[in-house]
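Asker: Sequence:
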Amino acid sequence: MRLSQLFTKTSKTVPADETARNAQLLIQAGFIHKEMAGVYSYLPLGKRVLDNIAQVVREEMNAIGGAEVELSILQPKDIWEKTDRWDDDKVDNWFKTKLKNGTELGLGLSQEEPLTNALRDFVSSYKELPVYIYQIQDKFRNELRAKSGLLRGREFLMKDLYSFSRTQKEHDKFYETAAAAYMKVYERLGIGDTTYRTYASGGIFSKFSDEFQTLSKVGEDTIYVHEGKRLAVNKEVYNGEVLAELGLNKDELVEKRAVEVGNIFPLGSKYSDALDLYYIDDKGQKQSVIMGCYGLGISRLMGLLAEHFADDKGLVWPEAVAPAKVYLARLGDKPEVVKQADELYNRLTAAGTEVLYDDRDLRPGEKFADADLLGIPYRVVVSEKTLAAGSYELKARTAAEPVHASAEDLMKTLGITG
RNA sequence: CGGGGAGUGGCGCAGUCCGGUAGCGCACCGCGUUUGGGACGCGGGGGUCGCAGGUUCAAAUCCUGUCUCCCCGACCA
Numbered sequence: 237m238r239l240s241q242l243f244t245k246t247s248k249t250v251p252a253d254e255t256a257r258n259a260q261l262l263i264q265a266g267f268i269h270k271e272m273a274g275v276y277s278y279l280p281l282g283k284r285v286l287d288n289i290a291q292v293v294r295e296e297m298n299a300i301g302g303a304e305v306e307l308s309i310l311q312p313k314d315i316w317e318k319t320d321r322w323d324d325d326k327v328d329n330w331f332k333t334k335l336k337n338g339t340e341l342g343l344g345l346s347q348e349e350p351l352t353n354a355l356r357d358f359v360s361s362y363k364e365l366p367v368y369i370y371q372i373q374d375k376f377r378n379e380l381r382a383k384s385g386l387l388r389g390r391e392f393l394m395k396d397l398y399s400f401s402r403t404q405k406e407h408d409k410f411y412e413t414a415a416a417a418y419m420k421v422y423e424r425l426g427i428g429d430t431t432y433r434t435y436a437s438g439g440i441f442s443k444f445s446d447e448f449q450t451l452s453k454v455g456e457d458t459i460y461v462h463e464g465k466r467l468a469v470n471k472e473v474y475n476g477e478v479l480a481e482l483g484l485n486k487d488e489l490v491e492k493r494a495v496e497v498g499n500i501f502p503l504g505s506k507y508s509d510a511l512d513l514y515y516i517d518d519k520g521q522k523q524s525v526i527m528g529c530y531g532l533g534i535s536r537l538m539g540l541l542a543e544h545f546a547d548d549k550g551l552v553w554p555e556a557v558a559p560a561k562v563y564l565a566r567l568g569d570k571p572e573v574v575k576q577a578d579e580l581y582n583r584l585t586a587a588g589t590e591v592l593y594d595d596r597d598l599r600p601g602e603k604f605a606d607a608d609l610l611g612i613p614y615r616v617v618v619s620e621k622t623l624a625a626g627s628y629e630l631k632a633r634t635a636a637e638p639v640h641a642s643a644e645d646l647m648k649t650l651g652i653t654g
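Basically my numbering = 1-based index in the first sequence + 236.
Since the hints were made in silico from the structure, they are not lab data. One should not assume that every hint holds.
[What the hints assert, rightly or not] List time: in silico PhoX-like cross-link candidates among lysine-lysine, alpha-carbon distance up to 25 Å:
(1) Lys375 x Lys522
(2) Lys453 x Lys420
(3) Lys522 x Lys318
(4) Lys270 x Lys453
Please build the complete structure, drawing on both the sequences and the hints.
Answerer: What follows is the structure in structure tokens.
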């Protein structure tokens, strides 16, 4: 992408009404636009990051047998009444609306009910289970108070997977497979070493659910980390009885602040029974379907990554999610410089490398400042100097100083062969 | 929903106490000089001061109501 064609631009100031660092940076760099409290639009660069995170998650969900779907956002109230989750006294963060004829609707905040209901059309035999179904979709939750930029919004992008198993044992096995897949996602995003599987309250279905908590000073949750066992306990279930049950010694736990980047729940047969989804086993007997749900906030992860890796010059994206791998800064507009920069841009692009080509008529300092603020992993400079030296100037976003690199070295560093 | 703070060109702010018809920086447009870490000069364009009432000869400024945003708390992926 040529920056001369990008309609967004960076700003020297941050909006006064944002105090969350992730939102400040993302707005300043032109990745997102705030529509209202807790609701953000994603501009070209932000959309790329969001898509990249979603793609990592998609690959890991596909790897454990997940089938991607896209369920409707508009929800009929009858199926939610069957599970007693329509009443505002039971679920208080619904966004509800009405058809012209007065029929009540809800905007999807989770999708156990509609998916379970739809599966009745397809599942009736033990031969048709288990199934694992997921989607990546905007969720709507009418939070009393949105805050912390992308970390807690009213409209946010989430991956939600639902498992339908024949037995508790079969469910338990997949549950652990899913938990492992979650850790793979965090590792690929560069936060594996600071993310802990965490015991948390399980609601009404089970004693515990499992959260995935990433250490962060801006986190809303307080957790107690056992570094040796690579796990943690959420403050909401932290007491002597629970510690004894988990075999944890209070002295080995350290209190930390963390952001919840995932949450998986065993659901038992609460929803399947209520919505009349059963299967017939090999002896002809009707059996309950055992469910689990697995949530992972894509947009929240984007906010966390923005905040987690940033430095005083701006964003620092992990390569796996960066809107481009290379920021190509062309200094000056001498014909031979333009020619060389254009050629490099074409070569990198042809090799499948995403490049932000800064072909704008700006001073060098502005280009360097933007390269830093946007957080692109590698900056390559083409100028009269580099032309004279017969090499390129290459600087990793996290490096203090640039280095001179031959065309060959450059391609090698960027992982381009041939 | 309880407590606190704030709404003035696209962004950041001053002006409000003490009413007199809106200003600064950035950004934007034109011309010129610049060109390796956010340049400079000159000249321009853009705001009925969140909204609605009220007081007054006169309201960004005073009064009433209302909407929105931010922070703390409670609640939540």
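Asker: Tell me, in ascending order, the numbers of any earlier hints that this structure violates.
Answerer: Structure breaks hint 1 only.
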